[in-house]
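S.K.: Going down the list, the sequences are from chains A and B. Using numbering that gives the first Met the number 0, read the first sequence as starting at 0 and increasing by one per residue. Using numbering that gives the first Met the number 0, read the second sequence as starting at 0 and increasing by one per residue.
Calculated directly from the structure, the hints in this document are not laboratory data. There could be a bad hint or two in this list.
[Unchecked claim] With a cut-off of at most 20 Å between alpha-carbon atoms, the simulated DMTMM-like pairs for lysine to aspartate or glutamate come out as follows: (1) Lys118/A <-> Glu87/B; (2) Lys129/B <-> Glu32/A; (3) Lys14/B <-> Glu273/A; (4) Lys118/A <-> Glu174/B; (5) Lys376/B <-> Glu416/B; (6) Lys43/A <-> Glu112/B; (7) Lys188/A <-> Glu87/B; (8) Lys155/B <-> Asp41/A; (9) Lys47/A <-> Glu112/B; (10) Lys25/A <-> Glu87/B; (11) Lys47/A <-> Asp151/B; (12) Lys12/B <-> Asp41/A.
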Amino acid sequence: MTDISKHEPTTVYIRPTSGFAALNLKDLWHFRELVVFMIWRDIKVRYKQTLLGALWAIIQPVMTMLVFNFLFNNVAKVSSDGIPYPIFSFTALLPWGLFSTALNSASRSLTSNHNMITKTYFPRLVLPMASVLGGLVDFAIALVILLGMMVYYKITPSITALWAVPLFVLSSIVTALGVALWLSAINVKYRDVGYALPFISQFWLFITPVAYSSNVISDKWQVIYALNPMAGVVNGFRWALLGSGNPPDMLVAISSFISIIILLSGLVYFRNMERTFADTI
Amino acid sequence: MAIAIKVEDISKKYKIGAAPGKFKYEMLRDQIVALPNKLFRRNTVEENYIWALKDVSFDLEEGHVLGIIGRNGAGKSTLLKVLSRVTEPTTGSVTVRGRVGSLLEVGTGFHPELTGRENIYLNGAILGMKRSEIESKFDEIVDFSEVEQFIDTPVKRYSSGMYLRLAFAVAAHLEPEILVVDEVLAVGDAEFQRKCLGKMNDVAAQGRTVLFVSHNMSAILRLTQEAIVMQKGRMVMRAHTNDAVDFYLASGQSQAGERSWDPTELTNAAAPFTPISLKLVDSKGKVVDAIRSVEDVNVEMTYNLAAPVTGLRVGVYLSTVRGEYVFTSFDVDDAAMYEKHSVRAPGTYVSRCNIPGDLLNEGRFIIGVNASTFGIKRYFMDENALSFSVDPSAAPGMQWAEQRNGPLRPRLNWTIEKLDKKGS
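Looking at chain B on its own, in the form it has when it is part of the complex (with noise of 0.2 Å):
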């Protein structure tokens, strides 16, 4: 088999305040003022620079799946942008064989006065389609996004979904050799998900080249045999998927069953809430990372707000290693508590819940973080924050030697009636 993608050593550096995400502009003003040290001293703003990839180096070969997982500000993003030519790497170099496509290019370049079908080709021709080649694939593009009856509409009387499948269309139909998802499928409703998923199953079975960046560790597991995990802008593992997997949700917990943040970690965003760490607690008080199923165990948020908020509410997701969600819960969930806290004053807090023994069944889960106020704005999320195991025994059931299905194990109460008098 021959190889698609070699990356060499690659590093990108970005100037702190220039990197994505903590975006500063920077002022001619500021560069005349700073004109006179530049000139006389040099090397003095070393420090100012942060590596958003260092040292990369990996092979993929043609017809392979990759995912790529990592927390946020790991670097991800930047080595698709480095693959997909859209920035460059300070120092390695990339040798790519075939057109890479990517699918965070979804809706470049529409423009909002022009019909569904105009886009069509001004997308097909931003990503680097040829004219004849849009016009061979136009109805199956057509098709594929589902917006038929509105092809001669100015796409900004669409509905976001209708946006989004058109865009997803286009992208889906470039048919590159390498092709480049990034989070796409934190978009868009579970329908639209399970085509894009099947599209990229495709794509794969075509026996061209796929890397996948996710959060969703069962959209990983499921679509790749092998991943890497970046941490910091470096990789630090490369592996079969469910090592993968396993190693980067262990990742990022400062101790076992307790997560905190690195201020690199955050987005301009959250401003003004800071997170600052969970814990799992069991009932003596003492941070764990596995729990016996008959056991209650504390959910503690710490967090900081730097400004009173009105209508914040924080909560968490809790989920299985295969992503599927078991709950959503929020602090404020309750109309008095909403009630109370309907505007927090600056401080710091902490948002505590109880989550009951006799609930969760043996195996691993994952809580995930969300910080928001409902319909205006999220501050903070981390679907993977902390995970934990869940040991069964004593659990009910215990008694037989097998895997219970389900993400709950909760201890019901049964009761046997028997129904005719025979025997009695």
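If we strip away everything but chain A, and leave its shape as in the complex, we get (with noise of 0.2 Å):
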């Protein structure tokens, strides 16, 4: 038994916040070890009671790889800025994966821990940020794979992938924690979010240069197409792994500002909501 005499206790404030609350970082930092556990959490469970278990985390993005090859390269010819089209897709669809799963999971993390949230206090944050890092492991194994083509294809990345690979993995993880902190907490008062997911899910692949090449869009729309967050992600992995298309430039630029953009929006609505949160969920 601890002697809690010892230790002057912490006294805790509850007053009604009003206005754009600030973000209290510092609970967030206390509740560090829950995001760890809640990630641990959601790897432990993610292929429990599966036949294939971690496998899904490659037949996934593969047999998708293996779908896109098939319309785009055998039936619909899409030009892949010569580089042979498994590969091309397979670079595009591992940020992505990440991205979209990130995205999924992250948007329904505070509905489907709903009895942690209306039982106990943490930063509500820790849930989309953890459900959002998780995505990383099968990120991880993915590579692998990528790895294993790029020996088969005989690419060797430059050594800029080094630096160059992380910090798009980075960018796509902010864009998808961004826009899983306004989607989640919508969803926790409008469950029309299950409903649109899907949908922007798909309508956000479309306009990604995952199954096709970025240069198939005209210049004139090139800056229109950047907005995209994903769009400089997607390119930046080619570019950075297979050396296609252009170094990251003013574009990229575009993408990441918007990206941080949505985050900090993300943030202050997702602060401003959490107060309800426990109320309406």
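Need the complex rebuilt from these two chains, each delivered in its own frame; the hints are there to steer you.
M.R.: What follows is the structure, given as structure tokens:
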């Protein structure tokens, strides 16, 4: 038994917060272990009672790649900038998969853990954060397949990949978290999000150069195209790992700027809605 | 002594429909339709709010145990939620010295696929424990939960009792400076409840502050010296537990011996059952709240069914003020009655029973109501619906001015036989 009289207990003031409350990062830091535990829980549980287990992390992108290869390479004969189509699309499917799983699970993270929210206090930000970061494990598994494919196709990435890939991974995480903060907070009140999500991911996939090359977009539309942060991420991946396309330029800067805007606005909105989560969920 | 909790004028407003128990989803569509109204006419929706808490203030010193009593919907749980920071008050402030741990969090975040061991760590982290803290208490937690041999089995394979014991064990070892307990004792078997109460006693004995919410008056009386009574979101009394319990039991009766239910006390789970009134009626048809032990008395439960219900049973619990059950009886206990009323059509009903004279001992009794279908659904329950007192005059043994032990004072047929023939 610890002797509670030894240390002076911390004093907590509970009062209504108003306006755009402070982010309370101190509290989030205090609960950092919970983020780790939640990631760990999601990973442990993800493939429980499945026959193929973590193989799904490989099967999903590989099957998508095969379908894309058939549809866009064999049937539609889409240009892949002179790179073998399978690896061209797989390189893009990796960050895309990370983004879409993160977006989907994080957007539902509050509603699927509603009993935690209605019964106990912790910074609610923990839930979407853990969901987004949990997707990194699947990403890492699929990355091994990509490295295998690179060996097979005899593609040597430039040394820049070492810093560029983590940076683009970070960018897709930031984007996913930003959008998920909006959607998860809205989802607490309006379950419409659950129905809109599959449509949003599908639509987003079409406007991102995963199955095709961004070169097919005419130059005058490129700036508008760059407003999609995932376009910058996917192009960046292809550039860093396969050496295709242009090095990051103004368009990537626009992409990154947009994703940071989404994240910051998401944080403010989330914090503002957090107050009523336990009452409305 | 330092103040552990200082509650100043807290109020909590809920939109009707958003309040717990009366849950209604708000639709995006409705919001869009209502938008023109919102833009041009303001303050027209004020009456759609209810105050779950209104101007509640109290101080609690360190090391004290405070009971919170009140009927369903009185604001007890909302108060605990504000204190444990689950929800924010609408106005007012609370100053809390120390970590608040709450046993309303029992099993929070337990994942059925994870093992007992994994869930202990996860649950501990959710309750705000550090990893090292959980590790140092791990053996103690496992020991307390009595699930040692299943600790590496997924909790979905646990029986509900094992699940509960494990969950309680984690929460009980959190060792917060302030412990909040909400009705955990309503679950689990008698042995487990005894253990929980024991643990709470330990916590209080270590000089920590405890807030205890329960409908179980005997537990409140046993564990607390002081209690507050909540009514419709307001704190109406703070007094010694004995007085508070008396006050609480007498409240809510629209007249002595009759209890009716306010719609705000009912949950959606009750539909199609609506309780109307519970009355205690003497042999002359008068509603009473004090009876003589030698007289018989009728208990009348009036209720409405909005739809036919199959297998419904409506019954009463009788218990003493100290929380000991005297008996439980349902209107269709008799097999022939059950057969006859297997389906009840919509309509208003009275289920009436007669408590014979020469049965109850002197004292205060509580009648509780239960309407349920066995093993399927509990429509309605109020364990403290009505209280009444029994006067022992003319009861057997009144020639001696003494207290008779036990809740019953039956008039039994004694015979006295002399076995030897001496002196005859």
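S.K.: Determine for every hint whether it applies to the structure shown.
M.R.: The hints, checked one at a time:
1. At roughly 13 Å between alpha-carbon atoms, Lys118/A and Glu87/B fall within 20 Å of each other, so this suggested pair holds.
2. Taking the CA atoms of Lys129/B and Glu32/A, the gap is about 7 Å. The hint holds against a cut of 20 Å.
3. With a C-alpha separation of about 17 Å, the suggested pairing of Lys14/B with Glu273/A holds against the 20 Å cut-off.
4. Of the pairs offered as hints, the one joining Lys118/A and Glu174/B holds, with about 18 Å between alpha carbons and a cut-off of 20 Å not exceeded.
5. A distance of roughly 53 Å separates the Cα atoms of Lys376/B and Glu416/B; the hinted pair therefore is violated under the 20 Å criterion.
6. Proximity of Lys43/A to Glu112/B is assessed by CA-CA distance (about 9 Å); at most 20 Å being required, the pair is judged to hold.
7. At roughly 17 Å between alpha-carbon atoms, Lys188/A and Glu87/B fall within 20 Å of each other, so this suggested pair holds.
8. Restraint check for Lys155/B and Asp41/A: the C-alpha separation of about 16 Å stays at or below 20 Å, so the hint holds.
9. Proximity of Lys47/A to Glu112/B is assessed by CA-CA distance (about 7 Å); at most 20 Å being required, the pair is judged to hold.
10. Between the alpha carbons of Lys25/A and Glu87/B the distance comes to roughly 19 Å, so the proposed pair stays at or under 20 Å and holds.
11. Between the alpha carbons of Lys47/A and Asp151/B the distance comes to roughly 15 Å, so the proposed pair stays at or under 20 Å and holds.
12. With a CA separation close to 35 Å, the supplied pair Lys12/B and Asp41/A exceeds the 20 Å bound.
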